[in-house]
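Participant: Construct the entire structure; sequences and hints are all you get.
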Amino acid sequence: MKIGKVDVKVSIVAVAVFVFFTIFLLYASLYSPEVRSQLIWMIPALFMLLVIPMALNYMSRSQYDNLEPIYEAEAKPVRIKLINESMVGKPVRIQGVVERVYFQFLNRPQYLVADRSGEISVKMFTSTKEDIKVNDVVEVLGQVIRRYVVTGDPVINCISIRKIEKS
Amino acid sequence: MAEISHNDPDQLTESDTRLHRWLELAVPLFSFGGILIAFFFLGQGNIPAMRIAASGCILASFILAYLAWIRPKKDIVALTTPLYAVILFVLPSELIPDLILPILYAISLTILLVRLKYKFGEPGTAVSLGKELGGSLKTYIDRTRGVLKHVSPDTAHRATLAFVQFAQGDYGKVAKIAGTVSVNGENSRHEQSLVRAFSIVREHAELLDKSLTRPYTYQVFKPEDADLLANPLPPDTDKDHEFEMSLDNALLLLYSVSWTASERDRPHLLPRQGFAQKLISS
Chain A
8 MKIGKVDVKV SIVAVAVFVF FTIFLLYASL YSPEVRSQLI WMIPALFMLL
58 VIPMALNYMS RSQYDNLEPI YEAEAKPVRI KLINESMVGK PVRIQGVVER
108 VYFQFLNRPQ YLVADRSGEI SVKMFTSTKE DIKVNDVVEV LGQVIRRYVV
158 TGDPVINCIS IRKIEKS
Chain B
8 MAEISHNDPD QLTESDTRLH RWLELAVPLF SFGGILIAFF FLGQGNIPAM
58 RIAASGCILA SFILAYLAWI RPKKDIVALT TPLYAVILFV LPSELIPDLI
108 LPILYAISLT ILLVRLKYKF GEPGTAVSLG KELGGSLKTY IDRTRGVLKH
158 VSPDTAHRAT LAFVQFAQGD YGKVAKIAGT VSVNGENSRH EQSLVRAFSI
208 VREHAELLDK SLTRPYTYQV FKPEDADLLA NPLPPDTDKD HEFEMSLDNA
258 LLLLYSVSWT ASERDRPHLL PRQGFAQKLI SS
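Sequence order for the protein chains is A and B.
Using my numbering, read the first sequence as starting at 8 and increasing by one per residue.
Using my numbering, read the second sequence as starting at 8 and increasing by one per residue.
A couple of the hints might just be wrong.
[Said to hold, decoys possible] Below, simulated DSS-like cross-link-like pairs (lysine-lysine); rule was C-alpha separation at most 30 Å, straight line: (1) LYS83/A with LYS229/B; (2) LYS229/B with LYS130/A; (3) LYS217/B with LYS88/A; (4) LYS124/B with LYS156/B; (5) LYS83/A with LYS285/B; (6) LYS229/B with LYS138/B; (7) LYS156/B with LYS138/B; (8) LYS183/B with LYS83/A; (9) LYS88/A with LYS285/B; (10) LYS180/B with LYS130/A; (11) LYS145/B with LYS229/B.
These are calculated hints, taken from the structure and not from any lab test.
In this text, all values refer to a predicted model and were calculated from it rather than measured experimentally.
Facilitator: As structure tokens, then:
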């Protein structure tokens, strides 16, 4: 769903929760007059289960969209091998092939991107603009962070990931 | 210092290995041991015995977290078990105290211990923790030490600055530092190789700083530099690979010079050992 310029995506988990509670509420209201009397606030609350994830996704996506031009200007194109712990906080641009995709269904996708020099985890804390699959050739803009904030190997906190033509 | 160490810094000492084995045993021992003791006291109607089971689980969680912490590859689940132990066993709860929870928790800790041992590798050594030099990087530095030990401390210090700034991604600064080292007609063959390494690093740093790709012509090492290079190029290498390998070799040569001829810079080089190891493993 598009709100303004932002393509808002709701994760399948949020939809599943909404569907579960809708069925539960329908069932309960059929058999319980007490539940029926509470529907006036239960139905809006039910829709909030969808509205809140959508609002959060809209806010994070629009923030990422605002950051993208800054990263476009500042991120240096580097080989994956050159990314190391000393670069934490630096904006980088990498190109490579997606080898694995995790947690796409949670709207928190994580990719394993490889170029001929090595591979690195690319974490995104919101949904992507386009659907990225294994074997896609992509360009990633992001910031080098540690996997667990203060410790762990360097990974990329992704601001933008987009498919590029295979060269 | 790496040279005077009698143990292999890439291996755990025997006492460390023994200690880690005991700690690994201690996780199921404390967690299930506490439960067994609690069972014994419960049979005698002693209700506070629950605390013994809980204490065993808490202690085992902290040991598991320590075992996770000392590994270079961190397991976030094992690291956070003390937090869960405190939430489940220390903070006030409405749950009726019984032994089901400690038993399930002890089983979980044991599964996590097995997972940690087989999925997250061995505990860190002095090399993997960046405390000492080791592996193929040490072999390379030892191989080049003889010819690089006569490099002036000033040039070696510039090599440190260039390497450290490059590792940090400050390519503009690298270009400036590397540009201050110039060729002198009286330099020895190996010093000429070193100057070439600085030039290669400068060229790459300038290109990276301006976000430019490989130019048609670029600087490379000469065949006579081969004995100083970590990874000499095979003859039929393609242009992209040659370009990238030249940078890797140049950075490694700077690292070797810094380590050999500027001892006071070693504390700055050790934390970047992982980066150098990555470059040498190509």
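Participant: Now tell me if each hint is right for this structure.
Facilitator: Status of the hints after comparison with the structure:
A C-alpha spacing of about 29 Å is found between LYS83/A and LYS229/B, which places the hinted pair at or below 30 Å, so the restraint holds. Between LYS229/B and LYS130/A, the direct Cα distance comes to roughly 41 Å. Violation of the 30 Å bound is thereby established for this hinted pair. Distance check on the hinted pair: LYS217/B and LYS88/A sit about 19 Å apart at the alpha-carbon level, within 30 Å; holds. A threshold of 30 Å between alpha carbons decides the hint, and for LYS124/B with LYS156/B the separation of about 42 Å lies outside it, so the pair is violated.
For the proposed pair LYS83/A and LYS285/B, the alpha carbon gap of about 20 Å is at most 30 Å, so the pair holds. Under the criterion of a C-alpha separation no larger than 30 Å, the hint pairing LYS229/B with LYS138/B is inconsistent with the structure, at around 34 Å. At most 30 Å may separate the alpha-carbon atoms for a hinted pair to count; LYS156/B and LYS138/B meet this at roughly 22 Å. At roughly 18 Å between alpha-carbon atoms, LYS183/B and LYS83/A fall within 30 Å of each other, so this suggested pair holds.
Between LYS88/A and LYS285/B, the direct Cα distance comes to roughly 7 Å. Compliance with the 30 Å bound is thereby established for this hinted pair. Between the alpha carbons of LYS180/B and LYS130/A the distance comes to roughly 29 Å, so the proposed pair stays at or under 30 Å and holds. Taking the CA atoms of LYS145/B and LYS229/B, the gap is about 24 Å. The hint holds against a cut of 30 Å.
The structure fails to meet hints 2, 4, 6 from the earlier list, while all remaining hints are met.
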